[in-house]
Amino acid sequence: MPKKFTVEVNSQWCKGCGLCLAVCPKKVFDFDENLKSTPKRMEDCIGCKQCDNICPDLAITVEGSA
Amino acid sequence: MPRPEVLDWLRKRFFPHMWCPGCGHGIIMHAILRALVDSGKKREETVIASGIGCSSRMPGYIDSCTIHTTHGRSLAFATGIKLANPELTIVDVMGDGDCTAIGGNHFIHACRRNIGITAVVMNNNIYGMTGGQASPTTPLGARATTAPYGAIDPPFDVCKLAQGAGATYVARATIAQPVLCEQYIKNGIANKGFSVVEIISSCHTQFGRKNNRRTPVDNLNYFKNNSVPLAKAQSMSPVDLEGKIVTGEFVKREAPEYTELYRSLVERVGGGK
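Sequences listed follow chains A and B, in order. Just so we're on the same page, my numbering is the position in the first sequence counted from 1, plus 2. Just so we're on the same page, my numbering is the position in the second sequence counted from 1, plus 268.
To be clear, the hints were calculated from the coordinates, so they are not data collected in a lab. One or more of the hints may lead you astray.
Said to hold, decoys possible - Listing some non-contacts, in silico: residues in chain A with all C-beta distances to chain B over 12 Å:
#1 12
#2 34
#3 42
#4 43
Stated by the list, open to error - With a straight-line Cα cutoff of 30 Å, these simulated DSSO-like cross-link-like pairs (lysine-lysine) come out:
#5 38(A) to 492(B)
#6 460(B) to 38(A)
#7 51(A) to 310(B)
#8 460(B) to 310(B)
#9 492(B) to 51(A)
#10 280(B) to 29(A)
Even for Gly, the Cβ is constructed at its ideal location relative to N, Cα and C.
Go ahead and model the full structure; you've got the sequences and the hints to work with.
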């Protein structure tokens, strides 16, 4: 049973720099119509938290559950 | 990472912060906060000091004891705070201009004294806030507002400067390695004497647009392709190392710490209580 992770982007804080899109190995993120990052393919997330660590706006939260 | 604990350290009413989208300073702030949380520090016993510049806006966003001081003089203020209350954990956040140009003297003398402060130097190779003037760390040939045909001044190597001046912990990482940044800052905080952690940051707004690194992602890829770990760099020739960023821990040694020496001096000559 693969682990499930929830990815949250605080769109109030996100400035759409695109770093999370660049670092995500599973291409979970995409830009929405306001050019802010949004986790479109959250089911692909493997919980590596690279997006969490690289986000300069501290807008991304990754939470894991078994 | 323990996100709720990190969020506790933020002054959320000032968010989103004023840094440009994709600015490396945000990544460094996150790394500092994670390092402080993981080291088990308390907000009321931690001081974040800063001077002037983009990087020095950081204390405004961190909900601990913070001080925003004059340009380059943050280490002087931090030294005073540490001497008055040696129990405090002091992290001094500085930009490259703040550290090596305006505050160069304060920097080398803090290194020499080996006082228990952790200096996090955010090196983005330029004076970003004032309009992109060339700073002492602008690489040779890089373009800036005041060097439109390429800089001709040889740059400072902050780590070698700190090493030469006598700091007891010197490390360098880039913003493309946020976990390594966190680890080095944690080691710096754990070190008793003066610690310098240089983090190569990016300023795509002022530096990148003149040097073909226009977007945050360009800068990230540049750092990934051009950073070399110290162990590998030792076996490379100086020609191969040209233009590369060597990352790693350069100095890790023990030396008497200044506030302890000061206290023992007071005990020795003060005549007792």
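Each hint tested on the structure:
For residue 12(A), the non-interface assignment is contradicted: its Cβ lies about 9 Å from the closest Cβ of chain B, within the 12 Å cut-off. The Cβ of residue 34(A) lies farther than 12 Å from every Cβ of chain B, with a closest approach of about 15 Å, so its non-interface assignment holds. Residue 42(A), annotated as away from the interface, keeps every beta carbon of chain B farther than 12 Å; the closest lies near 18 Å. Consistency note on residue 43(A): stated as away from chain B, and its beta-carbon is indeed over 12 Å from all of that chain's, at 19 Å minimum.
Of the pairs offered as hints, the one joining residue 38(A) and residue 492(B) holds, with about 24 Å between alpha carbons and a cut-off of 30 Å not exceeded. Only pairs whose Cα atoms come within 30 Å are accepted, and residue 460(B) paired with residue 38(A) is rejected, the gap being roughly 42 Å. A threshold of 30 Å between alpha carbons decides the hint, and for residue 51(A) with residue 310(B) the separation of about 25 Å falls inside it, so the pair holds. Among the hinted pairs, residue 460(B) with residue 310(B) is consistent with the structure: their alpha-carbon atoms are about 18 Å apart, no more than 30 Å.
Distance hint between residue 492(B) and residue 51(A) is fulfilled; the C-alpha atoms sit about 18 Å from each other, no more than 30 Å. Using a Cα cut-off of 30 Å, the hinted pair residue 280(B) and residue 29(A) holds, with the two alpha carbons roughly 29 Å apart.
Checked against the numbered hints above, the structure violates hints 1 and 6; every other hint is satisfied.
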